[in-house]
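Participant: Each chain, letter by letter, is given below.
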Amino acid sequence: MRSVTLKRWTWVHKWSSLVCTAFMLLLCVTGLPLIFHHEIGHLLGTEVEAPPMPADTPRASLDRVLAVARAQHPDRVVQFVSQPEDSNDLWFVTMTPTPDPTDDFRSVVVDARTGEVLAQPRFDEGFMWVMLKLHVDLFAGLPGKLFLGLMGLLLLAAIVSGAVLYGPFMRKLEFGAVRRGRRPWLKWLDLHNVLGIVTLMWLFVVGATGMINTWADLLIKYWQHDQLSAVLAPYRGQPVVPPAERASVQRSLESASQHAPGMELSFIAFPGTAFSSPHHTTFFLRGNEPLTARLLQPVLVDARSAEVTAAPRLPWYLTALLVSQPLHFGDYGGRAMQILWALLDILSIVVLGSGLYLWLRKGSAANAATDAAAAQPAGVSP
Amino acid sequence: MSRPRSPWAWATWRWPVVLALLTGIGLASGLFSDGGFGDALAGACLAAPAAAGLWFGWLRR
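Listed in order, the protein sequences are those of chains A and B.
Quick note: the first sequence uses my numbering, first residue 1, plus one each step.
Quick note: the second sequence uses my numbering, first residue 1001, plus one each step.
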């Protein structure tokens, strides 16, 4: 590789890493407890489980479940209703002051069999909430998400440039060589290189899918504008259907299920909320196979008549978003996958931390490394 | 240390490519499976980069 080319790639690696490293360290550290959020929830007592009952226990009507939830917070409206992936014995009812997106929400967990309130967990406070908010949007909403997405893009640039530089700097070293001599920076340089190259693919995939996730809000807005506006044209100009004029939600659910037989409910978005229209209760159904369980089929049911208006297929960009999510969360392969995800996350923290250390330690470490590589191979760091 | 190689020499890239392929296979197989062989394959494949990192980083002296 020509010296000038090497210097250019070194410049890209150095500056893309330097700009994003602090934020990537934050994301790796906050992501670590999020990998085990279910287990931590059990430890903290915030996970809700349905009491065991015979499988054929009759289910309460969804309308009764909603009435029970509304009675807990009569000053709020229902935005979303969902069931956990692994149990249909619970309903999670999310209630907010208005249908608009907000962080001010209350959750009521209702037993799907008895219609009794089981818990009202607060998902908007505590350690895990702080970790989640720092990880998702830095407490800054959509601008925070998009900023982290930009940092993710820089991480990808740092990974690609790091891979390009790996070859020239490993010309005289065997794979995995870590020179543990008198100079600590050399050891950390080699560690940076070896850990960087072994985690390269994982970090690239997790970084890329994390970046895609930051665009979720914008993609949904675009979908509503691009594809749903034609479906909703007959309703244009009408206000949000008042709760008193809405049809039975249980009947609406049955209409949606009949329209897409064999699919299971993921969540329900109520009229006027970000995932629905002002005139529809939208049922998001999912498949039963490992991959199709990640894909959602929206069914728009007229909130007044409980009749299905449309069931548009999700566009490719939302399908890509949904498929990319498990690749970011690592929540699809059981406990072993969680532990490996955590290990790879910790190795990535060492890569980021060692890069930062090398830059602080040597000042212009990358330039020095470039010069060293031109003469004899060493390594590269941000 | 050994004799300098080309930056793109197979000897330099052999193990990084193998680990990247294993990682890719692990990520994909877990996505298309629900327990059983797919998850076991995902675990085994993703264990490779994690084990390589631990071995070369700390365990090997």
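Treat the hints with care, since some could be wrong.
[Unchecked claim] Stretch by stretch, here's where chain A covers chain B in the computed footprint (C-beta under 8 Å, at least three residues): (1) 1004-1015; (2) 1024-1032; (3) 1036-1049; (4) 1053-1060.
[Stated by the list, open to error] Below, in silico cross-link-like pairs of lysine to any residue (SDA-like), each with a Cα-Cα straight-line distance of 20 Å or less: (5) A:Lys172 <-> B:Pro1004; (6) A:Lys187 <-> B:Trp1010; (7) A:Lys187 <-> B:Arg1060; (8) A:Lys172 <-> B:Ala1011; (9) A:Lys7 <-> B:Trp1008; (10) A:Lys172 <-> B:Trp1015; (11) A:Lys172 <-> B:Ala1040; (12) A:Lys7 <-> B:Pro1007.
Calculated from the structure, these hints are not laboratory results.
In this text, a Cβ means the ideal position worked out from N, Cα and C, and glycines have one as well.
Participant: Now look at each hint and say whether the structure bears it out.
Facilitator: Evaluation of the provided hints:
no., hint, in the structure
1, 1004-1015, "holds (count 10)"
2, 1024-1032, "holds (count 5)"
3, 1036-1049, "holds (count 7)"
4, 1053-1060, "holds (count 6)"
5, A:Lys172 <-> B:Pro1004, "holds, 5 Å"
6, A:Lys187 <-> B:Trp1010, "violated, 24 Å"
7, A:Lys187 <-> B:Arg1060, "holds, 13 Å"
8, A:Lys172 <-> B:Ala1011, "holds, 10 Å"
9, A:Lys7 <-> B:Trp1008, "holds, 17 Å"
10, A:Lys172 <-> B:Trp1015, "holds, 15 Å"
11, A:Lys172 <-> B:Ala1040, "violated, 37 Å"
12, A:Lys7 <-> B:Pro1007, "holds, 15 Å"
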